[in-house]
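Asker: I would like the entire structure built from these sequences, with the hints used as guidance.
Same order as they appear, the protein sequences are chains A and B. Sequential numbering from 1 applies to the first sequence in this note's numbering. Sequential numbering from 1 applies to the second sequence in this note's numbering.
What the hints contain is simulated information worked out from the structure, not anything from laboratory work. Since this is a predicted model, take the numbers as computed values, not measurements. For each residue, glycine too, the CB sits at the ideal point set by N, CA and C. Don't take every hint at face value.
So the derived list for chain B, only partly shown, Cβ under 8 Å to chain A, looks like this [unchecked claim]:
1. A106
2. D142
3. Q146
4. I148
5. A151
6. F152
7. N158
8. L160
9. E161
10. F309
11. A554
12. G575
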Amino acid sequence: MLNKFFLIALVSVFAAVSIAAPAGSKADLVNAMSAMTAHKVTQGDFKQIKTIKKLNREFISTGTFTITNGEGILWNVEKPFASKLTISGDKMVQESANGKKTEMAAKDNAVFAEFSKTIQSVFSGKVDELEKHFEVSFKKSGKSYVVNLVPREAAVRSVIASMVLEASAELDKVSLIDGEGNTTVYEFTNHSH
Amino acid sequence: MNSLTTAIKQKPFCIAIWVALHAILFVLGVLSPWNVETDLYSVLPDSSEFKNVSEAEKALSARSMRNVSVLLGHENFEVAKNAAETVEQIFSKDAGFEETRLHVDANTMKEMRDFLFENRYVLQSPSVREALKNGDLSSLQDASVQKIYGAFSMADLNNLESDPLLLGEQNFDYYTLESPLMSGKFSLHDGVLVATDSNVTYVMWSAVMSNSTSAMANDGHVLGRLYKTLDSLRTAEPGLKIAKSGVPFHSYESSKNAQSEIAWISGISIVLILILLLTVYRSPLPILCTVGSIGVAAAAALATTWLLFGSIHIFTFVFGTSVIGVSIDYAIHFFTDWKKGCSGFDVRSHILKGLLLGFMTTELSYIALTFADFPLLKQMAVFSIAGLASSFATILLLFPCLPHNKKAGALPTIIPQKFISLYDVKPSTQGANLVQTTPRKWIASIVKVVLLLALIPGLYLLNVQTDMRTLYTMSDELKASEVLSARLNNLGVSANYFIVEGASAEEVLRTEEDLVKRLNVAKQDSLIKNFLATSSIIPSENTQRENYESLRRAVLPSKDFAVSGAMQPYLESIGITNDSAFANSLKSEPVYLTPAANVPQSFKTLLNMLWIGEVNGKFYSAVLPLHVSKDFDISKIAAGSAQVHAVNKMGNINETLTNLSRVALMLVAIAYVIVFVILVLVYKFKAAVKIIRAPVIACLFLASVFGYAGITFNFFAIVGIILTLGIGIDYALFFNEGGRKNLSTALAVMLSATTTVISFGSLSFSSFTPVATFGLATLLGILCCFALSPLSATSAKKDRD
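Answerer: Encoded structure:
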C-alpha cells in the first residue's frame with residue numbers, strides 16, 4: 001500500500017506541474033475565461049521558450065495549436081523538431097517526427113485522467129476545476145488581465161513555483177517558473193476561430 | 001504372572017506406574033520447545049515442492065499481512081481530510097504501528113528524479129535497453145528532442161550536458177507514469193492521496209503494524225483503539241464514510257468474535273454437562289476426576305506431540321478434541337459402575353473388556369493415520385494416541401485406587417429404561433406369538449432396508465472438497481470496505497503469484513528476468529494486464545552491466561573515449577558544443593545496484609513487498625501478476641524453470657486438505673477392517689457385524705445428510721467422521737458387553753453420548769464455518785451411533801439384566 005502511496009503522489013506532482021492554467025475577482029475571472037473560451041474551435045501559432053539558468057540557454061520551439069471545446073487539444077510542434085501532442089478526455093498521444101506514437105489512456109492512469117481533465121478545464125474556462133489545483137489570483141487592466149496560479153500542493157511547488165497567464169480577448173501568454181528559476185513561456189499568436 | 005496380576009491390584013503399584021509414565025512424558029514435553037504452528041503450508045506432504053518455498057512464503061506473508069489502510073470519505077473533502085489528520089495525529093506515535101502515512105513528502109519527486117538520473121546508465125526502461133542493444137541512437141535522440149522542444153514537457157533540462165539523451169528523464173517516465181501502480185484512482189490533493197467514488201472523496205491513511213502487535217484481538221489492541229477512534233469520528237460527523245482494508249482487520253474481527261463466541265458456547269456446554277453429571281452422580285468426586293483425567297490426557301497429548309514434532313499445529317487442537325470426547329466416556333463408564341457401590345478394582349474388572357476393546361479400536365484408527373504422507377495427519381494421530389493412552393491409563397491405574405463409594409445408591413434409570421424400551425419392537429419370540437412376530441420382523445427389516453437405501457442419494461450428492469475460501473465469511477462492512485478499496489486501488493493483485501529462488505541475489509534476479517520475458521508475452525496476449533517484479537526496478541547486475549556497456553559501445557566506441565560521430569549532429573542540434581561532461585560520465589564503470597541498495601522511499605516500500613531476500617541460505621523474491629484473466633495458467637508460465645514456483649496458496653492448501661481428507665478416510669477404513677477382524681476373533685462374525693455397523697452406518701448417515709443438505713463435505717466434516725468412528729464404536733461395544741437391558745450400561749452410554757452431543761453439538765451453532773461443520777458432523781454421527789448402539793447387543797446378552 002505504501003509503495004503505491006509514494007508513486008501515486010509522485011506522479012500526481014508530475015501531472016500537476018504539467019498543467020498550465022489561467023484564472024482575479026472570481027466573477028471577473030469567470031467572465032474573462034468564458035469569453036476567452038467561448039469559441040468552439042480556436043487555432044493559432046505558439047512559441048515555446050524554455051530558459052535554463054544553469055546552462056544559460058534558451059530552447060525555442062514553434063508550431064500551431066488547435067483547441068476544440070469539449071473534445072481536445074492538439075499541439076503541433078514544427079520547429080526545430082516536429083512532434084505532436086494530442087490531449088483528449090480519454091487519452092494522450094505523443095507522436096514524434098518519425099511517426100512513432102506513445103499513447104496513454106485515462107482509464108489506466110488516474111493521474112493522466114486528472115491531467116487531461118484539468119488542462120481541458122483551462123481551455124474550456126472551468127475556473128472551479130482550476131481552483132482545485134491552484135491558488136488563483138487575478139488582475140485586470142483594461143481589456144487585459146493577468147492570472148497568477150500557485151500550485152496548492154507543496155510537492156508541486158517544489159517543482160514549479162508559479163504560473164502566470166496573460167490574456168486579452170485571447171490567451172496571449174503563459175509563463176511557468178520552476179523552483180530553480182527556470183522558465184517556460186508559451187506565446188500564442190494569430191488566433192482564429 | 002500371578003505376581004503381576006496381584007501387583008496390578010495394589011494401589012501403590014498402580015499409582016507409581018501412572019505417575020512414572022506421566023512424569024516421564026511431561027518432563028520430556030516440558031524440555032521440548034513449545035511452538036504452535038499456524039502455517040497452512042505445514043499441512044502439505046514432505047514431497048510437495050511448495051514445502052520448499054514455505055519459509056520464503058511465510059516471510060513474504062509476514063510483511064504483507066501487516067499492512068492496513070483506512071479510507072476516510074465525505075462529500076466535503078475538508079471533512080474527510082480533517083478526520084484522516086485526527087487518525088494520523090493519534091496513531092503516528094503509537095507503538096502498535098511501525099509506520100503510519102498520510103501526508104506526501106514534498107521532496108518525493110526530487111528524490112526519485114535525482115536517483116534515476118544518478119543511475120541512468122544502469123537502470124533503463126525496456127525500450128531504451130532495446131534501442132541501445134541495437135545501436136539505435138536515433139530513436140533515443142528523437143525521444144530526447146521531444147522532451148526538450150515538445151509541448152507541455154516538464155523534463156528537467158538542468159543536466160542536459162551530462163545527459164544529452166535525457167536517460168534520467170526517460171527513466172522517470174518509465175518508473176512513474178508507466179508504473180502498474182498508477183492504475184488506481186488515487187491522486188494527490190492538498191498534500192494527501194484522494195480518490196472519488198459516488199460523489200464521496202476518500203482520503204487514504206495507511207500503516208504497517210509493528211512486529212510485536214498480536215494478530216489476535218486483546219485488551220488495548222491498537223486496532224481496537226483505531227476502531228474506537230473511527231467510531232467517534234463517525235459519531236461526530238455522521239456523513240463520514242470509513243473503509244478499512246488489510247489482513248490485520250480480518251484477523252482482529254475474527255478473533256474478537258471467536259473469543260466471545262467460544263466463551264458462550266463452551267460456557268453453556270460446560271454448565272449443561274456439569275448439571276447432567278451432578279444430577280446423575282450426586283457427588284462432585286466423579287466430576288473432579290473426569291475433568292482431571294481430561295486435563296492430564298490433554299497435557300500428555302501436548303507433551304508427546306511437542307516431544308516428537310517440535311511443534312503443534314492449530315488443526316491438531318481441533319482434531320484433538322476427540323481426546324476429550326473419549327476420555328469423558330471412559331470416566332463415565334467407570335463412575336456409573338462405581339456409583340453402584342463396587343470397589344474401584346471391581347469396576348475395572350467389570351468394564352475392562354469393553355474398555356480395552358474400545359481403546360484398541362480407537363487407537364487402531366489413529367495408528368492407521370500415522371501411515372499417511374501428511375505430517376499434519378501424523379501429528380493429529382500421535383496427539384490422539386497419546387491422549388487416549390493417558391486417559392486409558394488413568395481409568396485403569398488411578399481410578400481403581402479411589403476410595404470405595406460408601407454412598408452407593410440407585411442411579412437415575414428411568415430415562416435409560418424408556419430409551420431401551422423403544423427397541424423392543426417384538427414382545428417375545430417364545431411360544432404362540434411366533435407366527436405374529438414373523439411379519440413384524442419382516443416389517444422391521446424392510447424399514448431398515450428402506451432407511452439404508454434412503455442414504456444412497458445423499459451419498460451420491462455428496463461433494464467432498466475443502467475450499468478455504470468458503471470457510472471464512474467476512475462481515476458485510478469489511479466486505480464492502482475491501483470491495484471499495486480494491487476498486488479505488490485497481491491494482492488487481494492475484495492470489496496466484498510466483499516465488500523465484502536462487503543461490504544468490506543475482507541468480508534470483510536473472511531467473512526473474514527470464515520469467516518477466518514470459519510474463520511480457522502473457523501481457524501481449526492479454527492474459528494479464530501487468531506484473532510487479534523486483535528486476536523491473538533493480539535488474540540483475542548482468543543486465544545493468546549490459547545496459548552500461550551497450551550505451552558506452554554506442555556513444556564512446558573508440559579507445560580514446562571520443563563521443564561517437566552518430567551523436568555529434570544531435571549534440572549540435574541541441575546546442576551542446578562541449579561533450580566532455582557527457583564523455584567523462586561514461587568513462588568510468590558505474591556502481592551496480594542490488595535490491596539492498598539505498599533507493600528512494602517509493603522503491604523501498606515496493607521492494608519490501610517483492611524482495612524476500614535470504615531465507616535459510618537461499619535467496620527469494622515474489623513476482624506478482626496483476627489483473628489476471630481466467631485463461632492465465634500460472635503453472636504453465638513457471639514450467640521449465642525449477643527455480644520458479646507458481647504459488648496458488650489457496651489452491652494448494654485446498655487440494656491438499658481435500659487429499660488429506662480422502663487419505664484419512666481411506667486409512668480409517670483400513671483400520672476398521674482390522675478392528676472388524678479383531679471383533680470377529682473376539683465375538684464371532686455376526687456379533688462383530690452388529691458392533692461395527694453402528695459407527696459405520698452413523699458415518700454414512702452423517703455424510704448422506706450433508707449430501708442432501710448440499711453442505712460441502714470438507715476436511716472438518718471428515719474430522720467429525722473420524723471422531724464418530726473413534727467414539728461411536730465404544731457405545732456399541734459397551735452395549736454388546738453389558739447387554740441391551742443392562743440399565744447401568746444404557747445410562748453410561750446415554751451419558752457419554754449426551755456429553756458428546758452437548759460439547760460437540762454446541763459447536764454447530766458457531767458462526768465460523770469450520771467449527772460449525774465439525775460440530776454438525778460430530779453431532780449427526782454421534783446421535784446416529786447412539787441410536788443404533790442398543791442394536792449391537794447380541795441375543796445372548798439382550799435379556800441379561
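Asker: Less than 8 Å between beta-carbons is the criterion; does I148 (chain B) satisfy it with respect to chain A?
Answerer: holds, 5 Å
Asker: Taking the closest Cβ pair, is D142 (chain B) under 8 Å from chain A?
Answerer: Nearest chain A Cβ about 5 Å off; hint holds.
Asker: Minimum Cβ distance from A106 (chain B) to chain A below 8 Å?
Answerer: holds, 4 Å
Asker: At a threshold of 8 Å, is the proposed contact between F152 (chain B) and chain A supported by beta-carbon distances?
Answerer: holds, 6 Å
Asker: Once the shortest beta carbon distance from E161 (chain B) to chain A is found, is it less than 8 Å?
Answerer: holds, 7 Å
Asker: Just to be careful: measuring from the Cβ of A554 (chain B) to every Cβ in chain A, is the smallest value less than 8 Å?
Answerer: violated, 18 Å
Asker: Let me know if the C-beta of Q146 (chain B) comes in closer than 8 Å to any C-beta of chain A, holds or violated.
Answerer: It holds, given that the least Cβ distance between Q146 (chain B) and chain A is near 5 Å, below 8 Å.
Asker: Does the nearest C-beta of chain A fall within a distance shorter than 8 Å of the C-beta of F309 (chain B)?
Answerer: violated, 37 Å
Asker: Going by Cβ atoms only, is N158 (chain B) closer than 8 Å to chain A?
Answerer: N158 (chain B) check passes; min Cβ-Cβ to chain A is 5 Å, inside 8 Å.
Asker: Interface hint check: L160 (chain B), Cβ to nearest Cβ on chain A, cutoff 8 Å. Holds or violated?
Answerer: Since the shortest Cβ distance to chain A is 6 Å, the answer is holds.
Asker: A closest beta-carbon separation below 8 Å is what the hint needs, so does G575 (chain B) meet it against chain A?
Answerer: holds, 6 Å
Asker: May I ask you to test the interface hint for A151 (chain B) with respect to chain A, counting a Cβ-Cβ separation under 8 Å as satisfied?
Answerer: This hint holds: A151 (chain B) lies near chain A, its Cβ roughly 4 Å from the closest one there, short of 8 Å.
Violated hints for the displayed structure, listed by number in ascending order: 10, 11.
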